[in-house]
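*Asks:* Sequences listed follow chains A and B, in order. Residues in the first sequence are numbered from 1 upward in steps of one, following UniProt numbering. Residues in the second sequence are numbered from 1 upward in steps of one, following UniProt numbering.
List time: in silico SDA-like cross-link candidates among lysine to any residue, alpha-carbon distance up to 20 Å:
(1) Lys369(B) x Glu323(B)
(2) Lys149(A) x Thr148(B)
(3) Lys149(B) x Val43(B)
(4) Lys176(A) x Asn302(B)
(5) Lys262(B) x Thr229(B)
(6) Lys33(A) x Leu158(A)
(7) Lys140(B) x Leu150(A)
(8) Lys369(B) x Ser326(A)
(9) Lys223(B) x Arg424(A)
(10) Lys140(A) x Thr148(B)
(11) Lys405(B) x Leu390(B)
(12) Lys369(B) x Glu320(A)
(13) Lys262(A) x Pro276(A)
(14) Lys142(B) x Glu127(B)
(15) Lys223(A) x Glu320(A)
(16) Lys149(B) x Gly120(A)
(17) Lys223(B) x Pro276(B)
(18) Lys142(B) x Glu42(B)
(19) Lys359(A) x Gln188(A)
(20) Lys33(B) x Leu61(B)
(21) Lys149(B) x Glu133(A)
(22) Lys140(A) x Leu145(B)
(23) Lys405(A) x Asp387(B)
(24) Lys140(B) x Leu158(A)
(25) Lys149(A) x Leu51(A)
(26) Lys142(B) x Ala141(A)
(27) Lys514(B) x Val482(B)
(28) Lys140(A) x Ala147(B)
Hints were generated in silico from the structure; no laboratory data involved.
2 protein chains.
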Amino acid sequence: MTSPESREQDDELFFAEEEKASDKPSDIKEPWKVLIVDDEEEVHRVTRMVLQGFRFDGRGLEFHDAYSAGEARNYLENEEDLALVLLDVVMESDDAGLQLVRYIRDTLNNNFLRIVLRTGQPGQAPEDRVIVEYDINDYKAKTELTATKLMTTVISALRSYRDIMIIEHNKRGLRKVIDASPTIFRIQSLHNFTSGVLEQLSSLLSLGRNTMFCEGFTAAHRKGDLRITAATGDYEVLIDKRVSEVAPRDVRNLLLEALAKKANIIRDSHYVGYLPGRSGQDYVIYVHGWQDLKSWDRDLVNLFFTNVSVAHDNIMLNIEIEETQSEVIYTLGEIAEARSQETGNHVRRVAKYSELTAKLFGLSPFESKILRLASPMHDVGKLAIPDRILNKPGRLTPEEWEIMKTHAGLGQEMLQHSTRPLMRAAAIVAGQHHEKWDGSGYPLGLKGEQIHIYGRITACADVFDALSVRRVYKEAWPIKRVMTYFKEQSGSHFDPRLVTLMEDNLSQFMEIRKQYTEPWERGEL
Amino acid sequence: MTSPESREQDDELFFAEEEKASDKPSDIKEPWKVLIVDDEEEVHRVTRMVLQGFRFDGRGLEFHDAYSAGEARNYLENEEDLALVLLDVVMESDDAGLQLVRYIRDTLNNNFLRIVLRTGQPGQAPEDRVIVEYDINDYKAKTELTATKLMTTVISALRSYRDIMIIEHNKRGLRKVIDASPTIFRIQSLHNFTSGVLEQLSSLLSLGRNTMFCEGFTAAHRKGDLRITAATGDYEVLIDKRVSEVAPRDVRNLLLEALAKKANIIRDSHYVGYLPGRSGQDYVIYVHGWQDLKSWDRDLVNLFFTNVSVAHDNIMLNIEIEETQSEVIYTLGEIAEARSQETGNHVRRVAKYSELTAKLFGLSPFESKILRLASPMHDVGKLAIPDRILNKPGRLTPEEWEIMKTHAGLGQEMLQHSTRPLMRAAAIVAGQHHEKWDGSGYPLGLKGEQIHIYGRITACADVFDALSVRRVYKEAWPIKRVMTYFKEQSGSHFDPRLVTLMEDNLSQFMEIRKQYTEPWERGEL
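Chain A extracted, bound-state conformation (with noise of 0.2 Å):
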């Protein structure tokens, strides 16, 4: 194993580093790309004779030949990597090497590619004049160039080839951080941003080489033990699990130091950037599928990760304040419950049963969440029925009833006075879920479609709960004898298309039904 390395983020993407990485000479390393216009072929012998077996930082040259400007068009029109042009002017026409010069700088809008300008007759284009008019690099006549003059000459130009390229490499890369902003920083689940993470990162490793794919996962410290959080590829059946299990001990003991140290760690074709979060719990994401990193690349790559931890620190707030405002919702509705002696997880799991549905229904994400969160408030209105009438043992009086009934309407007012969306869903649903499609329902006896698609699927939420669970004055239905029930009242009570989708995905609800068992259950489902 090599020796630990741990890099925090550099302030500068060094220009220094990758010039050092580049010195070094190395046999994979592609030739510069060189293309020879010359209406001579002796042009092109001697030129490639001159230059055989020539190397500038540890590259050698390939060569390529045109015939004519027309020629030249062609081949550029498809070569995007070309470093050098060695140019004749008088071709197919007195100044075809000059038009070239402008097709490729103002048409092909190619600043990056060096023009040496080689000419035979000085004298169609005199060197004061073309050096001023036209973008080339170097003006030379072909009788000064000594085989010594043609190697400085194509040195010179390599060289601020090669200066202009790393910039432009350099700036490609902050570009894709950039472009990548708007994926990582959307406000998202954990898992797609996990996945967005990794998609970006292997598009900005991708920069000028083959694709490549980053998978990876997240990872932080729950119930005591480091576990994996969220995670792509063949890591996504990992999630949950615990990094003790499932990882290989060098993986983990490089997500333990990494959240030790409190900083981001890069080994061998192993990332693991650190991601503090904002109520102690850090976390950490584990990346894999790179080899040889270059200096440059890691300097990005801890530059988008900086981005990633504050993207990431933005969904763990969110994700907190949205648990803690269910759990208040939780509270209120279990408060309403608990009065008229219903109990235990009734309010969650008619949430997610509403969700659920809503889902099935094809409700738009927005409002099925909207319709888990208002869901549990159903029956608020509950909180302002006397005591003596909610909890009497007997059976209630006609008119005992008519004030039992007049908690929907209660509820309905109580939560009706904010303009937020949740809030109007509430109040829908408060008001609403007593209604029964064929209009035989309180407090309005709405018929059909007359009752919002919230209070429809609140009263099958509501209903299938109730009879699904075990309760003070009844036992439990199996499953089957609710079922039943269901497609009895399918048309008279409920909304027959929720029947129908109910039916269809019994399994998705008793998935539920078994993630929220009560105390006094365990063992039995």
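Use these hints to put chain B onto chain A, whose structure you have.
*Replies:* For chain B alone, kept in the frame of chain A given last:
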């Protein structure tokens, strides 16, 4: 007025556009800085003479002279935007010039500066060796440097320098956009966000220029009008004001145009950024403070505003959730109060008084906010008290009073099932808001600092509001009488430090009182 021009976000920061912009000669453009390093005075003289009147890209030359490598070093240490060095080889030593090359590239890490070697003794520094081993950009024997060749050499070098600097400038701009990300994206108040955006924008537009300062504001449709929602600098006094009343007609028209076109607008020295909202509520950000924005800068500003738009959206989402959460909590609190016939804005005022007291006491902004959200739930326990006791018209019997007092413990019980900081705080407040400083309170008879600061603060806030507002059974006390009561009870019922804080900052409490008047009070206060 110029003709309308709306710019959509461009996909690319066009190198070509910048190129064209620089092609226009302009008198205000700074000259290219050239350093002549040579120990022969004559070389300096001739160089200046030959290059007299030289212009490239509309910019002249500014010569600086050094007569040794040592002198050149001193100059280079303090000079950043030097474009070209014309460098002699043999000066204080045979390779003084070559050593200077290494110093520039390796010690100063300056890879932008173009270096042209001019030697009178090629034997000391053979071209084929030097061009390979030293990172120079051209090699000339002084003998071959005719006036034309010197011109060509200088133009070639400056052209490369220009190409490099355009990308480098572009890169620095992108880097600035990235560096601004943590400031822009961190979820924060709308006001801080707006200031942050304007600060970063100033920094972005100051690149390579004198510092500049942008000021501006955000606006959105509220209460039927386009209003200013957050602002910096001179605009700060305009927050909440109607745009139609405070902004000049042309600025207002720009804002409306941006909202109608759903696009950013740059015109003269005005920039209007369009920020699409989540729920159809769109925002505009208006910035003022620059002149003569180049096309490249415009692209960078638009790029920056893509980030701003996403960040703004996040903040609006966050505000929406937090405000919804507050309303759910107020609703819960109000339902509890309504059962015991408390009315109106009691819980909202208690929330605000508690937050204010917490801040004055020195609690963190986080804790102060938590207390604002928790304190409205102080009486939820009353939901479990039988109506016959809660709403008994006459005096309670001792037994009834004992039952009444259980509401503190019951409230704590209802709220303590969650581990969320907000719910823990709410449980504390519910359980302890009837404890008294001298130990004579209930349910536990806690004393002094045994009572959690949340409980002590909410006790003050609750009583302060109860006394200062009219109830069914009593008139409102004048504020003087309220404060006399608090001073009497300081050290017995209330924490003396809190009483002092209330006395010393009474105007701030009265401000809240005024903000949440009751319907029956209009005109009374």
